Structure formats: structure tokens, C-alpha cells
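The primary structure of each chain is shown beneath.
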Amino acid sequence: MHIVVCAKQVPNTTQVRINPETNTLVRDGVESILNPFDENALEMALQLKEKHPGTKITVLTMGPPQAAEILKEAVGRGADAVVLLCDRAFAGSDTWATSYALSIAIGKLEKPDLVLFGKQAIDGDTAQVGPGVADWLGIPCIAYARKVEIADGQATVERTYEDGYEKLEVALPCALTVVKEANVPRMASLRGKMAAKKLNIVPLTAEASGADPAHLGLNASPTRVVKIFSPPPKTGGVKWQGEDPAAMAQKLVDLLRERKLV
Amino acid sequence: MAELNYGLSELALEIRGMVREFAESRVKPVRAELDETGHFPTDILRELGKMDLMGLYIPVEYGGTFEGDSMPNLIAVEELSRICIGVSVSYAASGLGADPILIGGSAEQKKKFLAPLASGEKWAAYALTEPNAGSDAGSIRTTAVKKGDKYVLNGTKQWITNGGEADIYTVFAVTDKNRGARGVSCFIVEKGTPGFTFGKKENKLGIRASATRELIFEDCEVPAANLIGREGTGFIWAMKTFDVSRPGIAAQAVGLAQGALDEAVMYAKVREQFGKPIIANQGLSWMLADMATKVETARALTYAVVKSIDAGVKDISKFSAMCKVYASDIAMQVTTDAVQVFGGYGYMKEYPVEKMMRDAKILQIYEGTNQIQRDIIGMALNKEYAAVAKP
Numbered sequence: 013m014h015i016v017v018c019a020k021q022v023p024n025t026t027q028v029r030i031n032p033e034t035n036t037l038v039r040d041g042v043e044s045i046l047n048p049f050d051e052n053a054l055e056m057a058l059q060l061k062e063k064h065p066g067t068k069i070t071v072l073t074m075g076p077p078q079a080a081e082i083l084k085e086a087v088g089r090g091a092d093a094v095v096l097l098c099d100r101a102f103a104g105s106d107t108w109a110t111s112y113a114l115s116i117a118i119g120k121l122e123k124p125d126l127v128l129f130g131k132q133a134i135d136g137d138t139a140q141v142g143p144g145v146a147d148w149l150g151i152p153c154i155a156y157a158r159k160v161e162i163a164d165g166q167a168t169v170e171r172t173y174e175d176g177y178e179k180l181e182v183a184l185p186c187a188l189t190v191v192k193e194a195n196v197p198r199m200a201s202l203r204g205k206m207a208a209k210k211l212n213i214v215p216l217t218a219e220a221s222g223a224d225p226a227h228l229g230l231n232a233s234p235t236r237v238v239k240i241f242s243p244p245p246k247t248g249g250v251k252w253q254g255e256d257p258a259a260m261a262q263k264l265v266d267l268l269r270e271r272k273l274v
Numbered sequence: 083m084a085e086l087n088y089g090l091s092e093l094a095l096e097i098r099g100m101v102r103e104f105a106e107s108r109v110k111p112v113r114a115e116l117d118e119t120g121h122f123p124t125d126i127l128r129e130l131g132k133m134d135l136m137g138l139y140i141p142v143e144y145g146g147t148f149e150g151d152s153m154p155n156l157i158a159v160e161e162l163s164r165i166c167i168g169v170s171v172s173y174a175a176s177g178l179g180a181d182p183i184l185i186g187g188s189a190e191q192k193k194k195f196l197a198p199l200a201s202g203e204k205w206a207a208y209a210l211t212e213p214n215a216g217s218d219a220g221s222i223r224t225t226a227v228k229k230g231d232k233y234v235l236n237g238t239k240q241w242i243t244n245g246g247e248a249d250i251y252t253v254f255a256v257t258d259k260n261r262g263a264r265g266v267s268c269f270i271v272e273k274g275t276p277g278f279t280f281g282k283k284e285n286k287l288g289i290r291a292s293a294t295r296e297l298i299f300e301d302c303e304v305p306a307a308n309l310i311g312r313e314g315t316g317f318i319w320a321m322k323t324f325d326v327s328r329p330g331i332a333a334q335a336v337g338l339a340q341g342a343l344d345e346a347v348m349y350a351k352v353r354e355q356f357g358k359p360i361i362a363n364q365g366l367s368w369m370l371a372d373m374a375t376k377v378e379t380a381r382a383l384t385y386a387v388v389k390s391i392d393a394g395v396k397d398i399s400k401f402s403a404m405c406k407v408y409a410s411d412i413a414m415q416v417t418t419d420a421v422q423v424f425g426g427y428g429y430m431k432e433y434p435v436e437k438m439m440r441d442a443k444i445l446q447i448y449e450g451t452n453q454i455q456r457d458i459i460g461m462a463l464n465k466e467y468a469a470v471a472k473p
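Protein sequence lines, in the order shown, are assigned to chains A and B. Under the working numbering, the first residue of the first sequence is numbered 13, with each subsequent residue one higher. Under the working numbering, the first residue of the second sequence is numbered 83, with each subsequent residue one higher.
These are computed hints drawn from the structure, not numbers from a lab. These figures come from a predicted structure and were not determined experimentally. Hints may be right or wrong, so weigh each one.
Stated by the list, open to error - Here's a subset of chain A near chain B, in silico, CB distances under 7 Å, partners left out:
# : residue
1 : L184
2 : N195
3 : L202
4 : R203
Stated by the list, open to error - Simulated DEER-style distance windows between Cβ atoms:
#  : chain 1 : residue 1 : chain 2 : residue 2 : range
5  : B       : K282      : A       : D164      : 31 to 37 Å
6  : B       : G99       : A       : E62       : 21 to 27 Å
7  : B       : K282      : A       : A261      : 52 to 58 Å
8  : A       : S44       : B       : A306      : 58 to 64 Å
9  : A       : Q78       : B       : T451      : 52 to 58 Å
10 : A       : E62       : B       : A307      : 30 to 36 Å
11 : B       : P213      : A       : P65       : 29 to 35 Å
Stated by the list, open to error - Computed list of lysine-lysine pairs in BS3-like fashion (alpha-carbon distance at most 27 Å, straight line):
#  : chain 1 : residue 1 : chain 2 : residue 2
12 : A       : K210      : B       : K132
13 : A       : K68       : A       : K123
14 : A       : K63       : B       : K194
15 : A       : K209      : B       : K132
16 : A       : K63       : B       : K228
17 : A       : K192      : B       : K132
18 : B       : K228      : A       : K61
19 : A       : K192      : A       : K179
20 : B       : K110      : A       : K192
21 : A       : K159      : B       : K132
22 : B       : K282      : B       : K443
23 : B       : K228      : B       : K193
24 : A       : K63       : B       : K132
25 : A       : K61       : B       : K282
26 : B       : K132      : A       : K68
We put the beta carbon where it would ideally sit given N, CA and C, even for glycine.
Produce the complete structure using the sequences and hints provided.
Structure, rendered in C-alpha cells:
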């Protein structure tokens, strides 16, 4: 089985700040990490590999040269091969252009049985790239997967909802976007880290990928980020405490009635 | 943080980073629970195995990563100990159990028993102590009688770390009761061997995550091929094991004391009384200074001993005893002082330092009490100075 895991390098969540002047992310001095949900996708692939010996895992990312770091991290954990899609031509891609570029890169690989994504990246939070790539590849996609079992050329997948889950069967190849509850990502092994150190990652350029230049980068992106802002914290409101619960409930009902809300 | 240059290899530094991150993210969140429940840290050891960290002391040809540098293993023990020595003793005791095989085992024994330890698939345990043979290890009563191509073991081992959890046991038994310590032999016994069972799990003051059990042998037949070396060499393997394992106890002590120092300094910086952080009081900051100095001294001595072992320095027993006795004594002092720095909070289980203080005590007791260590040092001095002393 061949599993492709698409991953993204993102700024560490706990440190994200937005420059109020320019409405852009402040990246200076912020550590870059492997997108946490992509860690779950990679872990899902690694667990499948443990269950199905002979499985090969390829991790693909699109990003600047330093995004090679997350590929090394992936190799440290047990990925077999990596692809770094890296070219100025990809700069400024929105989710449409990104999913196109990733699908082209996947098309150059040995045909995958499974393409895994984190449910979303913690910087953009769109959750669109996974389904987008699946669409370009013409394969089914199940989002928010927390569990997968592979047998007889099909996957049995549990898709999470806020109030439960649904069990689906889907023919391979297919794409899944993976939620945090799926697993606890492992840490890199010593031998994996040593292998990663020796790794020489040659970027796959736009030209070499064979992608249509008209579909790449900022100019090919149909969406634009007009403004990024931190929503203002909610203010006002009243807080009642310390009273008899029944009395407080009565008070609330009276208030709602008074404002003609019930 | 400022640190001394101990000339650590790239591998040792890599291991330090990996185990530090592992201990912080995987052990710290569960250490209080493990202490409270006394549950064995199975998942933690399994994960360490997957990370290739269970075979740091096992030579490459037997599936480990050891190539002559003992520091990576020592540092792994130190870093785990900084967070929890209940976990680190379970980790290190597997190495202790493997040591007699490493030191005295044949190539076949090494191949068969070390590979599954290196991969983390199995764990080992070292079984010497008996109800009536503690410090006087030469007086063990478990017997092994040869019968064809087997040895039949009878007797009880006490307080065996990893007992019941490990798969491979190095067990010391008497093969010739007329020869005292020279009549002791060492056997490799696998869990599941008929006649080999476990007693109750002990309820301990500290290192509560670790499993301490009795091993019971009732007409337990062990293949003669599992005898390490020749009959009567067991006590040599036992003592040689201690020469190389005692720095491991010192590493536990250094790690534990460092962990307590970390907690104490951080607390002293944020705890305010009389309108200022308590670290601003000279009396308290001097206390912290003494704690830090003790930790670094113990570390320097321990690393020096391990590097000397790797370099093949002769008559190492004295120095192994020194680092064990010194580091464990300062660990007891530093953890006790850490509780003092925390005051009333330190006495409460919501804070980690009371556990550290409880845990520290075992370091002065196991792997040879600190009185035995001082005996070893004293006897070595007596012997060394015999040549130069004029009556």
C-alpha cells in the first residue's frame, strides 16, 4: 500500500500574533512546526504501516526551503520518502492553487491508495486543501476521520461529528482528513533522526512538476485575503452568582420575557 | 541555561534532547498519577522502545546503538529521573538485568537475549537480593542443582525491580554451598518457565511507579545453556555489574536533584512574601546556591566515572561507589531542601517536590546501601595505601 501524507509547516500556535498595522501574521522569532493535525495524519499512516507491512509512506509539503524541516521530522518518525514542492511560482497560492499544485505532485508519484491530510492547518484554518486535492485527483474524500481500517481494497472510516460519529465504507484510492482524536502522534526515533540528518532533500520545482503555470501562485488564486484581525473580545453582559439556582432561573426567564426573547 | 562543557558526543546531546522532550511531554503529565496508583509505566517503556532508546547500552552487533560511549545511556537515565525516578528505575533496571549477560554471557546468549531488549520488545530484571541476603549478598540461599542438561532452581528472591513485568531475569543461585561466594552462579531465566512465579507487588514509600516483587522458584528447570560463564563465577558477574551500574544510580540521583532544584528555583522566583519574591532573601538564595553546587559536583563526578569506565580505567569499584554515595546523599539533601523552599506547599501532593523527597530515599539504599559503598571506598583506601604507608 502507498500512503501519501500532505503536511504543512506552520507557526507554533501558542505564539501566533497578528500585526495590527498590516493585519498579517508576525512570523519573526516564531518557531515553525509541523501542523499538529498533520501529525495525526502521519501517525495514522504509521499505524497503518505497522498493521500492513510493506506499506510505503510518502510525505509531501509545499512551502519555502525551510519547510524541509517538517519533512525531516516526518522521516524521523518513520516516513519512507518525502517531496518538497518548492518554487517562487507557488508563492501566495490560496487553497485552490495549493490543492492544484499538490495534486500535480501526487500525480508524479507511485499511485497512492490513500491520501491523508490533517483536518486543517492551524494558521489558515480553512480545512479546504484536503477535499480540494481529492477533487483534483478525482477520488472520494472523507473529512474529519478519526479511525480507519483497510481491507480488500476498501477503507472503513469513522467520521467525527460534534455529537457522535458515522461509519463509512469507501473504495480505495481515497482521501481522508484526520482529526486530533484519531491518535497520539509518536515522537521521532533515534534511528529515524539519524536517517533524517543524512537526508538531502532536492526541491521539486514548478517546472519539473509539470504544473500549468497559469494555475500557480497568487495570480492564479481566486480568493484574496483582504483583512486579518483578532476579533474583539466580547464585552458587557451580566453575571449572577451565589444566589439560589431556582431564583436565578426565574430572574433569567423574567429578563428574557422583558426583552421579548421568549 | 548556562552549562559546563562535559565534552558530550553529538549522540549524547541528541539523546539528551530527545529524552528531555519525551520526559516533559509523556512522563510529567502522568507522574503524580503513577505515584498515586503505583501503576507500572508500560506504555512509557513501550514508547521508549519504539524510539530506539531501550538499547543505548547494547552493542550495535546485538541490535542496540552502543559503540563504546556509555554517556548516552547515562544521560537518558538522568533526564528521565529529572521528571520521575519511578519511571527511570524501571527503564534502568532492564539494563541492570542485562548487564551480567553483557559482561559474562556467551555470544549465543547475547544474540538470543539482548536483541529483544534492544528493540524494547522485552525487558530484563536483576535478581540477587533475598530475604536474608541484602548487603551480605554472598549469603544467598536460592539453589541451582544440575540435572542432565538442566539446572533446577529453588528459592525466593526479594524486592526485584521489574519483577513480574520483565521477560528476562538474571538470577543468582548457589551451585556449591561449600564454597561461599565462589559457589554462586548466574542463570538467565525467562518468564513463563514452569516453576517460576511471582509474589505480591510491594507497596513502597517512593518510586511507586516501579514494580517490586518476589520471584519464587519451585523446582524450576532452566536449560544449562542459560548459565552465564562457568559455575561459581556468579558473584564475579554480580560485582562487575555493580561497578558499571552504580554510576546509573548516581545519574538517577543527579537527575532527581536537578529536577528538585528546577522546581525550587522557579518557585522561589514567583512566590512573594513580605512584598518580594522569596529568592530575594539571602538565606534562601544561599540555600539554592548550595543545592545547585551539589548537583553540579555530583554530575561532574558521575560523568568522570563513566568516562573512566569507557576508557578502561582499572580498579573502578572505588570510584563507582563514590559517585553512587555522593550523588544519592546530595539527592536526599537537595530534595529535602526543595520541600523546605516550598514551605507548606512543598508538603502537599499538589506540588511535585514531596514525591521527589520520598523517591530520593531509595537511592541511598538500593544497589548497595551507602554504608556498603563507604566500606568499598574504605577497603580500597586501606589496600592502596598499604604499599606506601610506613608503620
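Hint check:
The interface hint given for L184(A) is broken, as the beta carbon of that residue sits about 27 Å from the closest beta carbon of chain B, more than 7 Å. The beta carbon of N195(A) comes no nearer than 13 Å to any beta carbon in chain B, farther than 7 Å, and the hint placing it at the interface is violated. Of the supplied interface hints, the one on L202(A) holds, with its beta-carbon coming within about 4 Å of a beta-carbon of chain B, less than 7 Å. The restraint placing R203(A) at the interface with chain B holds, with a minimum CB-CB distance near 5 Å, inside the 7 Å limit.
A C-beta distance of roughly 48 Å is found between K282(B) and D164(A), which places it outside the suggested range of 31 to 37 Å. For G99(B) and E62(A), the hinted distance range of 21 to 27 Å is satisfied, since their beta carbons lie about 25 Å from each other. Taking the beta carbon of each, K282(B) and A261(A) are about 54 Å apart, inside 52 to 58 Å as hinted. The hinted range of 58 to 64 Å is satisfied by S44(A) and A306(B), whose Cβ atoms lie roughly 59 Å apart.
Here the CB-CB span from Q78(A) to T451(B) is close to 54 Å, well matched to the stated 52 to 58 Å. Between E62(A) and A307(B) the beta carbons are some 33 Å apart, a value that agrees with the proposed interval 30 to 36 Å. At about 48 Å, the beta-carbon gap between P213(B) and P65(A) misses the expected band of 29 to 35 Å. With a C-alpha separation of about 20 Å, the suggested pair K210(A) and K132(B) falls inside the 27 Å cut-off, and the hint holds.
Restraint check for K68(A) and K123(A): the C-alpha separation of about 11 Å stays at or below 27 Å, so the hint holds. The hinted pair formed by K63(A) and K194(B) meets the criterion: a straight-line CA distance of about 26 Å does not exceed 27 Å. Between the alpha carbons of K209(A) and K132(B) the distance comes to roughly 19 Å, so the proposed pair stays at or under 27 Å and holds. The hinted pair formed by K63(A) and K228(B) fails the criterion: a straight-line CA distance of about 44 Å is larger than 27 Å.
Simply put, K192(A) and K132(B) have alpha-carbon atoms about 21 Å apart, close enough for the 27 Å limit, and the pair holds. In summary, the hint linking K228(B) to K61(A) is not supported, as the alpha carbons are separated by about 47 Å, beyond the 27 Å threshold. Only pairs whose Cα atoms come within 27 Å are accepted, and K192(A) paired with K179(A) is accepted, the gap being roughly 17 Å. Taken as a hint, the K110(B) and K192(A) pair is honoured in the structure, with Cα atoms around 21 Å apart against an allowance of 27 Å.
Under the criterion of a C-alpha separation no larger than 27 Å, the hint pairing K159(A) with K132(B) is consistent with the structure, at around 22 Å. In summary, the hint linking K282(B) to K443(B) is supported, as the alpha carbons are separated by about 22 Å, within the 27 Å threshold. Between K228(B) and K193(B), the direct Cα distance comes to roughly 24 Å. Compliance with the 27 Å bound is thereby established for this hinted pair. As the CA atoms of K63(A) and K132(B) are separated by approximately 15 Å, the hinted pair is consistent with the 27 Å bound.
For the proposed pair K61(A) and K282(B), the alpha carbon gap of about 39 Å is over 27 Å, so the pair is violated. Of the pairs offered as hints, the one joining K132(B) and K68(A) holds, with about 18 Å between alpha carbons and a cut-off of 27 Å not exceeded.
Hint compliance for this structure: hints 1, 2, 5, 11, 16, 18 and 25 are not met, and every other hint is.
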